[in-house]
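Chains D and X, in that order, give the protein sequences.
Heads up: the first sequence begins at 1 in the numbering used here, then just goes up one per residue.
Heads up: the second sequence begins at 254 in the numbering used here, then just goes up one per residue.
To be clear, the hints were calculated from the coordinates, so they are not data collected in a lab.
Among the hints, erroneous ones may be present.
[Stated by the list, open to error] Derived list of chain D stretches under chain X, where covered just means 3 residues or more per stretch with a C-beta under 8 Å from a C-beta of chain X: (1) 55–63; (2) 109–118; (3) 129–137; (4) 184–196.
As the structure is a prediction and not an experimental result, all values here were calculated from the model.
Beta carbons are placed, not taken as given, at the ideal position from N, Cα and C, and that holds for glycine.
The chain contents come next:
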Amino acid sequence: MSDEITFQIEQLNFYYGNTQALCDVNMTVLPREITALIGPSGCGKSTFLRCLNRMNDTITDTRISGSIVLNGQNIYAPNIDETELRRQVGLVFQRPNPFPQSIFDNVAFGPRVLGIATGNDLHELVVQSLRAAALWDEIKEDLKQPALSLSLGQQQRLCIARVLAVTPDVILMDEPCSALDPIATNQIEELIQELKEHYTIVIVTHNMQQAARVSDKTGFFWLGELIEFDETTTIFTRPSLQRTEDYVTGRFG
Amino acid sequence: MIRLSRHHTERIVFAVIGLAAVATAVPIIIIVGSIFFSGAEAVSWQFLLEMPRDGMRSGGIWPAIIGTIYLVVGTGLISIPLGVASAIYLSEYAADSYWTRMIRLAIVNLAGIPSVVYGLFGLGLFVLFLDLGSSIVAACLTLSIMTIPVIISTAEEALRAVPQSFRVVSVGMGATRWQTIRRVVLPQALPGILTGVILGLNRAAGETAPILFTGAAFFLPKLPNSIFDQTMALPYHLFVISTQVPEMPITIQYGTATVLLAFVLIMNILAASVRSWQRRKREW
Chain D
1 MSDEITFQIE QLNFYYGNTQ ALCDVNMTVL PREITALIGP SGCGKSTFLR CLNRMNDTIT
61 DTRISGSIVL NGQNIYAPNI DETELRRQVG LVFQRPNPFP QSIFDNVAFG PRVLGIATGN
121 DLHELVVQSL RAAALWDEIK EDLKQPALSL SLGQQQRLCI ARVLAVTPDV ILMDEPCSAL
181 DPIATNQIEE LIQELKEHYT IVIVTHNMQQ AARVSDKTGF FWLGELIEFD ETTTIFTRPS
241 LQRTEDYVTG RFG
Chain X
254 MIRLSRHHTE RIVFAVIGLA AVATAVPIII IVGSIFFSGA EAVSWQFLLE MPRDGMRSGG
314 IWPAIIGTIY LVVGTGLISI PLGVASAIYL SEYAADSYWT RMIRLAIVNL AGIPSVVYGL
374 FGLGLFVLFL DLGSSIVAAC LTLSIMTIPV IISTAEEALR AVPQSFRVVS VGMGATRWQT
434 IRRVVLPQAL PGILTGVILG LNRAAGETAP ILFTGAAFFL PKLPNSIFDQ TMALPYHLFV
494 ISTQVPEMPI TIQYGTATVL LAFVLIMNIL AASVRSWQRR KREW
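Starting from the given sequences, assemble the full structure and let the hints guide the process.
As structure tokens, this is what we get:
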């Protein structure tokens, strides 16, 4: 049943010029699950994440082979509208990067540009997105305040709200907590758990505890290969490869 | 040889570089001060708003003021869209290839060409070859060629200063490249672009050589009726009354210089305030 699979990735290879960044990656991402991607820096996990909404298209001199099927559709097929794909598969970045505008304008940006909602509908959508991103209670008094006056943790939740406002199905997160302190990190992790009810989430993280705490499945990347992919509990308790065990227990990394 | 202590060296170096800074400012202050001082008495509403009389030896400089305004507006209409569009292309769309490097090289070199060469080029291309005659439109086209490189380079710089992450976020949410440029990049770069536009047009307002052969009139008894007429202009009028008219009252010369200087100064102040507004606005 293809309905039961969000992403079906097969034999994915990716090259920056002549450098191969991903090598024969196979992965299945199930709906409303949190998939964590771990591995040392430069192992290809961020590159892999950006293949899932074709953000790598914007980099020149890259090449891709293999297939990524999202809800039964190959996203690299020629008839795919990559802007619609990116609406459907949202991306949250490492550093909080709100626009230097008000909170409202930040969240309303996507719906306005894509023509999703206007007027009262837009306002409602913005409020909903801020609620869903667990930011509403902290800022509901003043939606007009500049986004950059928020704390970093709030800014990151604002960025998540901004992505939610274009009504995606999947949310990709590229080390969303690496710029945040432990309290803000904790809030984002709780938020991720809540978002799981409605969204499929793929998260790249350098934080082993985070992967263990929040995810259902974990994939371990090593030199561009997905060398182990399994239930998170399995990866962290009895991985099948020595290398995975060494990495998750912090013996190298 | 006497060895100076570090503190003495410090003082001497500080004094020398301080003097250098003062030395560059003094001439400007003297020039502006003396012109404003000597010209202020000549400047009045009559002087600004009347036609010249008695072979320009009395009356006002209204046609020269209005002519300069025509030239600046016309040059803006041509050079702003072309310059900003080119900057957007170079900054946002063009790949770093042999051709874009050649285009950039051409723009940099264009900015360094002496203005009289632009004047002669305008005479050859617009006045003679395209048969526009010596006219406002030919002068505006010539001034535009001179202004466009300034606008392109400052606008491109302003566009590049917009953080890449803004573009990535916008594209990542499903916006097209053009939507990203229009909704994210241009609004952020606007103050920087405006500064470049004002500085470019400022240069156009003050130059004599490019309009000398392409549209500036020695003297016209009436205002231009169409863009195919010649026009008087402040910088050329100043040149004419300073060198070409015998027994010219010096107050009128100073008055004209004062008006031209004030015109340019106001535009500079405008550019500076746009820049500081931009700095206050920029929070990334």
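The hints, checked one at a time:
1. 55–63: Result for this restraint: holds, n = 3.
2. 109–118: holds (count 5)
3. 129–137: Since 0 is below three, the answer is violated.
4. 184–196: Check failed, 0 qualifying residues.
Hints 3 and 4 from the earlier list are contradicted by this structure; the remaining hints agree with it.
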